[in-house]
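> What follows is the residue order along each chain.
2 protein chains.
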Amino acid sequence: MQISRSVARDFFGAAHIMKIYGHIKSGNCYKVYLTAELLGLRYDWITLDNSKGETQTAKFLAINPNGKVPAMVLPDGRRLAESNAIIAFLADGSHLIPQDRFEYAQMLQWMFFEQYSHEPYIAVARFIQFYQNMPAERQAEYDTCQIKGNATLRLMDHHLSTRPYFVGTSMSLADIALFAYTHVADQGGFDLSQFPHIQDWIKRIQATPKFAPMLFDD
Amino acid sequence: MQISRSVARDFFGAAHIMKIYGHIKSGNCYKVYLTAELLGLRYDWITLDNSKGETQTAKFLAINPNGKVPAMVLPDGRRLAESNAIIAFLADGSHLIPQDRFEYAQMLQWMFFEQYSHEPYIAVARFIQFYQNMPAERQAEYDTCQIKGNATLRLMDHHLSTRPYFVGTSMSLADIALFAYTHVADQGGFDLSQFPHIQDWIKRIQATPKFAPMLFDD
Numbered sequence: 002m003q004i005s006r007s008v009a010r011d012f013f014g015a016a017h018i019m020k021i022y023g024h025i026k027s028g029n030c031y032k033v034y035l036t037a038e039l040l041g042l043r044y045d046w047i048t049l050d051n052s053k054g055e056t057q058t059a060k061f062l063a064i065n066p067n068g069k070v071p072a073m074v075l076p077d078g079r080r081l082a083e084s085n086a087i088i089a090f091l092a093d094g095s096h097l098i099p100q101d102r103f104e105y106a107q108m109l110q111w112m113f114f115e116q117y118s119h120e121p122y123i124a125v126a127r128f129i130q131f132y133q134n135m136p137a138e139r140q141a142e143y144d145t146c147q148i149k150g151n152a153t154l155r156l157m158d159h160h161l162s163t164r165p166y167f168v169g170t171s172m173s174l175a176d177i178a179l180f181a182y183t184h185v186a187d188q189g190g191f192d193l194s195q196f197p198h199i200q201d202w203i204k205r206i207q208a209t210p211k212f213a214p215m216l217f218d219d
Numbered sequence: 002m003q004i005s006r007s008v009a010r011d012f013f014g015a016a017h018i019m020k021i022y023g024h025i026k027s028g029n030c031y032k033v034y035l036t037a038e039l040l041g042l043r044y045d046w047i048t049l050d051n052s053k054g055e056t057q058t059a060k061f062l063a064i065n066p067n068g069k070v071p072a073m074v075l076p077d078g079r080r081l082a083e084s085n086a087i088i089a090f091l092a093d094g095s096h097l098i099p100q101d102r103f104e105y106a107q108m109l110q111w112m113f114f115e116q117y118s119h120e121p122y123i124a125v126a127r128f129i130q131f132y133q134n135m136p137a138e139r140q141a142e143y144d145t146c147q148i149k150g151n152a153t154l155r156l157m158d159h160h161l162s163t164r165p166y167f168v169g170t171s172m173s174l175a176d177i178a179l180f181a182y183t184h185v186a187d188q189g190g191f192d193l194s195q196f197p198h199i200q201d202w203i204k205r206i207q208a209t210p211k212f213a214p215m216l217f218d219d
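These protein sequence lines map, in sequence, to chains A and B. Oh and the first sequence: position 23 is 24 in the numbering used here, straight run, nothing missing. Oh and the second sequence: position 76 is 77 in the numbering used here, straight run, nothing missing.
Looking at chain A on its own, in the form it has when it is part of the complex (with noise of 0.2 Å):
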């Protein structure tokens, strides 16, 4: 399994095309994977691993002074930076963004619950359980995501029980945002059998034309 567009793995790449630096393997910057397969977007790719400090290069930090991956930089040099922001620009005029007024701001409504009430717990259990292996000092943060992210996990499962994506009838970016950690939650030791709304809800997504999944083994 390989990127499929992803045509150059260093800082310059093709000068004519948008490049995307993240790791696959984080949920953040697996939206906008999803959000560019989804529009049949070209990019490179460029994969760049926080553990390894490859984000807080002098190189990076000019790209992104907050030393964060996704970011995105134009092929005029351009550069934008939070996972949610650049897939709002990439899907700007397209299916994934509802038209109606008060649509797209539940839209962002979901987007910013994601990055306040969902990733803080569930991405960061994910990171203690499954890259960090438990450390000791971390259990009592560890338990803390647990109680957080399942009363978010149950409100998500709630207000999937009538409807079948977050805004509207169909997929927006609000699902996208909240699909990046929720359907790999287990790996932060979340159950997601409590969940069944969720559980059909991720098969929805997945079942989507163009639907690309997270990859592991890069």
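For the record, the hints were derived by calculation from the structure and aren't laboratory data. It is possible that part of the hints are untrue.
Treat identical chains as interchangeable: a pair holds within one or across any two.
Below, a list of computed lysine-lysine pairs in the DSS-like style, where the Cα atoms sit at most 30 Å apart [said to hold, decoys possible]:
1. K149 <-> K60
2. K149 <-> K26
3. K53 <-> K26
4. K60 <-> K26
5. K204 <-> K60
6. K211 <-> K60
7. K26 <-> K204
8. K204 <-> K53
9. K149 <-> K211
10. K211 <-> K26
Use these hints to put chain B onto chain A, whose structure you have.
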């Protein structure tokens, strides 16, 4: 001092104008108040105090299942949560939102940055110091907030060293989102005198026509 447009203090208010549920001392709620005032909108402001459990009642959870203020309800009953989604809805089509597609994405970038890399440190330090009076069991968390919050302020100060506002050449929702907790960061132990460009930007925001200050005496 009072909230100029607040004409109701219960869950009912006037049926024909939108309701905003919030607590003005909360920076997240203040964003909504400031945006509504800058735009000259009509609304009922209903004060709910999180510390008194007022955001965990069945009545409020029916408005925002996540149990957080701010939340907004339109006259027709549609409801919206998340401060940055609410201000995006309120300001749609106004001068507070860039028309250029890339500048719009940059605005979102700073709003997501605010919720992920700013609020969790700068607002939390303020809460621990200003509202909780520094309980010993939160000292370690407070110290982490100082390190991370100062890094965020340094990044903001550097960004503002070459431009008057976060995006483009005029005030946008990115400024409102970041202003809310930054201008009271001293209440969380941050020394703003170290960040002269942030100080100039705060004065610039405060000098905006129709600017409304955070209220502390309600």
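> Which earlier hints can't be squared with this structure?
Of the numbered hints given earlier, those the structure breaks are 5, 6, 8 and 9, listed in rising order.
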